[in-house]
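Protein chains: 2
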Amino acid sequence: MKTVIGVDLGGTNIVSAVVDEKGKVAGKDKRKTLASLGAAGVLDRIAESVRAASRASGLPWKSHLAVGVGSPGPLDPGKGVVIFTPNLGWKNVPVVAILREKLGKKVVLENDANLAALGESWIGAGKGEKVVLCVTLGTGVGGGLIVDGKIFQGATGVSNHIGHIVVDPDGPRTPYGNSGVLEQYVSATGIVRLATEAGLKPPAGEPLEAYSFQKMAASGNRKALRVYEQAGRMLGVGLASAIHLLNPGMVILSGGVAGAGDLLVKPMMKELRKRCFKSHLKGLKFRMAKLGDNMGAVGAARLAWQSLKVK
Amino acid sequence: MKTVIGVDLGGTNIVSAVVDEKGKVAGKDKRKTLASLGAAGVLDRIAESVRAASRASGLPWKSHLAVGVGSPGPLDPGKGVVIFTPNLGWKNVPVVAILREKLGKKVVLENDANLAALGESWIGAGKGEKVVLCVTLGTGVGGGLIVDGKIFQGATGVSNHIGHIVVDPDGPRTPYGNSGVLEQYVSATGIVRLATEAGLKPPAGEPLEAYSFQKMAASGNRKALRVYEQAGRMLGVGLASAIHLLNPGMVILSGGVAGAGDLLVKPMMKELRKRCFKSHLKGLKFRMAKLGDNMGAVGAARLAWQSLKVK
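As given, the protein sequences belong to chains G and C, one line each in that order. Residue numbering for the first sequence follows my numbering, starting at 1 and increasing by one per position. Residue numbering for the second sequence follows my numbering, starting at 1 and increasing by one per position.
Derived from the structure by calculation, the hints contain no laboratory data. There may be inaccurate statements among the hints.
Since copy identity is lost for identical chains, a pair holds within one copy or between any two.
As the list claims (entries may be wrong) - Below, computed lysine to any residue pairings styled on SDA-like, alpha-carbon distance capped at 20 angstroms:
1) K278 x P74
2) K270 x S179
3) K282 x Y176
4) K130 x D148
5) K278 x N92
6) K278 x G157
7) K282 x T156
8) K105 x L65
9) K79 x K282
10) K105 x P94
Bound-form chain G, shown alone (with noise of 0.2 angstroms):
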């Protein structure tokens, strides 16, 4: 049996799957980051997930013929370095030299949000479709464009930053200069943001996180009812500009804040039923993602079977 094995290297954990050419987990690895051991320290935790999930599957270890790692990034995945991760410290890392030194294996490197859009049109929601738009709402917003089962490729590789669509040219400043993005309105940072406009605290003992808001608004409290109508407003809008542009066949959301389920889909949907041509959205599908932790590492297995050449 051949298999590939999939890396989804995040802030907090680190994901390794043993995937099969239908995208069946064979086996499967997952621990802590700890990103506080710096870059080196983290790049040995990996190879050591990779061999663990080896191990899992029970396959001998020449029977994986690739491995593919998704990180954050800003990254250059020709070149295979993780040029910046402001959550791991990272700068210019280059982790597909150093992984293949380390497990003597094709490495191939990509986007994390990429992987996971790749994963979900692979054997999860998007099954199926030529174009699919995901959108992960999560601490921030990241998306990735799957066009006929391939991540669509911009010039330089940084395409796809769907929570950097501006949704209001007056809203507040990013650090980073732009401002009023979709990223500001729906991640848990901005649902933070917009509760905290808006005089709300979560209730005495929770914490101060998106989820909070949440179930407040779930139990009808009418301010954080509010929060999610104009974060899920916000999100149409964003959807609007980018269903208009790329004609996607289907939208998935994921991420905690997705979780929120009708109380962000439907402000979503109501604005944009406004705003989109009805050739857009005849027959556009809105899906939530299936494939939950597994999502990035079974995206970056894909990336590793297409390196091979195999479809």
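Chain G is already provided as a structure; the job is to place chain C on it using the hints.
This is chain C only, laid out in the frame that chain G set:
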């Protein structure tokens, strides 16, 4: 010598060009569309124009392998049907079937903005670029995205509607429901709206159109300058969204309003520098379209060549 014939169907003119494999125009015809003749009459005129271009080339009729037609949309390239064109008054016109019968050649159909982009990226300003975003600032705002020499196709053939990117969620409403979209600021119609709202009138004897205000701005009229600053800023806002999503290597501007040059481009660039990640602006080129009048017909010819599976 083998050639194809490209046709650009516009509200005012029909342009047909006999084009060889390298993009050289061997013969051309241009005539009024006469939209008032209705679909049947205009399709007759297209066929006449194609035959006239053939005669102008001096080449035998059988040397033309296929015909490409660009039309205002929305349209269905797969079915070869123009679904709706407000400025021609067409509804569900089977252009490909009718022209195939009239001409006895293979006929392919595409959106005119996509074909203009295809032409420019083939032998115009975008030659050799991997990802080219073309933005036409005319009566409305249209666009085309070319990736690896081909038109980016969404799920249902209605991608690249860059004019409908939202640049201000609370901006004025369009007749079709959306509001605050790029087209409302930086099209000829949008410029006239902004100027009128600013209390501007064209000088005596000048028509109420964008070019009149462009001349006022060029000669230093402050209010007119501010109109172009506002339009340029909004163009920057819309392009910032598109650039973060698509990561093009080149943006090509065309159309009458783009003739304002620096009046528009300077505030656009100022906004882009404020909003875009360095990774997205680095190496990104901005160009004016080069093919002029032939842009659409050359792009239609390129599509005809591609339909014959010739590179």
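Going through the hints against the structure:
1. Only between protomers do K278 and P74 lie at most 20 angstroms apart by alpha-carbon distance; the minimum there is 11 angstroms, versus 35 angstroms within a single protomer.
2. In the homo-oligomer, the alpha carbons of K270 and S179 lie at most 20 angstroms apart only across protomers (14 angstroms), although the nearest pairing inside one protomer, at 24 angstroms, exceeds that limit.
3. Taking the shortest alpha-carbon separations for K282 and Y176, only the inter-copy value of 15 angstroms comes in at or below 20 angstroms, while the best intra-copy value is 36 angstroms.
4. For the homomeric pair K130 and D148, the shortest alpha-carbon distances inside one copy (5 angstroms) and between copies (18 angstroms) are both at most 20 angstroms.
5. Taking identical chains as interchangeable, the C-alpha atoms of K278 and N92 lie at most 20 angstroms apart only when they sit on different chains, with a minimum of 16 angstroms there against 45 angstroms within one chain.
6. Taking identical chains as interchangeable, the C-alpha atoms of K278 and G157 lie at most 20 angstroms apart only when they sit on different chains, with a minimum of 13 angstroms there against 32 angstroms within one chain.
7. Taking CA atoms no more than 20 angstroms apart as the test, K282 paired with T156 passes between copies only; the shortest distance there is 9 angstroms, against 32 angstroms inside one copy.
8. With identical chains, the CA atoms of K105 and L65 are at most 20 angstroms apart within one copy only, with a shortest distance of 7 angstroms there and 49 angstroms across copies.
9. When the C-alpha separation of K79 and K282 is checked against a cutoff of 20 angstroms, the pair qualifies only between copies, where the shortest distance is 17 angstroms, while the shortest distance within a copy is 40 angstroms.
10. Within a single copy, K105 and P94 get their C-alpha atoms as close as 15 angstroms, which meets the 20 angstroms cut-off; across copies the closest is 55 angstroms, which misses it.
In this structure, none of the earlier numbered hints is contradicted; all agree with it.
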